[in-house]
Amino acid sequence: MLNIRGAAAGLVLLLGLTSCGITIPQDPDGTLERVSGATLRVGVTENAEWVQLPRAGDPAGIEPGLVEEFAETLDATIEWVPGSEHELAQDLSHGQLDMAIGGFAADTPWIKEAGITRPYAETRDERGKTVKHVMLVPMGENAFLLKLDQFLQAQEVEL
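Mind the numbering: the sequence shown is residues 0 to 158 in numbering that gives the first Met the number 0, read in order.
Source of the hints: derived by calculation from the structure; they are not laboratory data. Just so it is clear, CB atoms sit at the ideal spot from N, CA and C, and this is done for glycine as well. One or more of the hints may lead you astray.
For each label pair, taking beta carbons as the anchor points, the in silico distance ranges come out as [said to hold, decoys possible]:
no.	residue 1	residue 2	range
1	28	48	13 to 21 Å
2	59	92	24 to 32 Å
3	123	71	27 to 35 Å
4	130	64	38 to 46 Å
5	152	54	17 to 25 Å
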């Protein structure tokens, strides 16, 4: 009897929250809503086959290709912002970027400044250690992170 009352109370609470327009996950800074149909600010740092920065033109490589496809799903244009890993992590933490790419590994030291996607590709380093690749996003922008994660997990990344 108690379980039925608890379940009923939970259902009432859930219905109440959804009728109030609350969605989970949320973006405190509204990243997903702001970039949809607008501009996606992407920090880029060079890293072998993952990101190449030519002297002229847009970045090339595995991750810029993925970002271009992701931006299409949002009907967004891309503003590429080159910088060092440190600069990009700082820009993410200050809300100046929407995401950053550069062949980042899941054990990135920038975890205190940025959120990370789930690993979407694996490689081996020169010592044979498995490297799980992620992209960086602003901390706490969970709706945007979920959308990016869902996109990346659906891709077959060719290395």
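Structure-based check of all given hints:
1. 28 <-> 48: 13 to 21 Å: violated, 32 Å
2. 59 <-> 92: 24 to 32 Å: holds, 27 Å
3. 123 <-> 71: 27 to 35 Å: This hint holds: roughly 31 Å between Cβ atoms.
4. 130 <-> 64: 38 to 46 Å: For residue 130 and residue 64 the Cβ distance comes to about 19 Å; the hint is violated.
5. 152 <-> 54: 17 to 25 Å: This hint is violated: roughly 34 Å between Cβ atoms.
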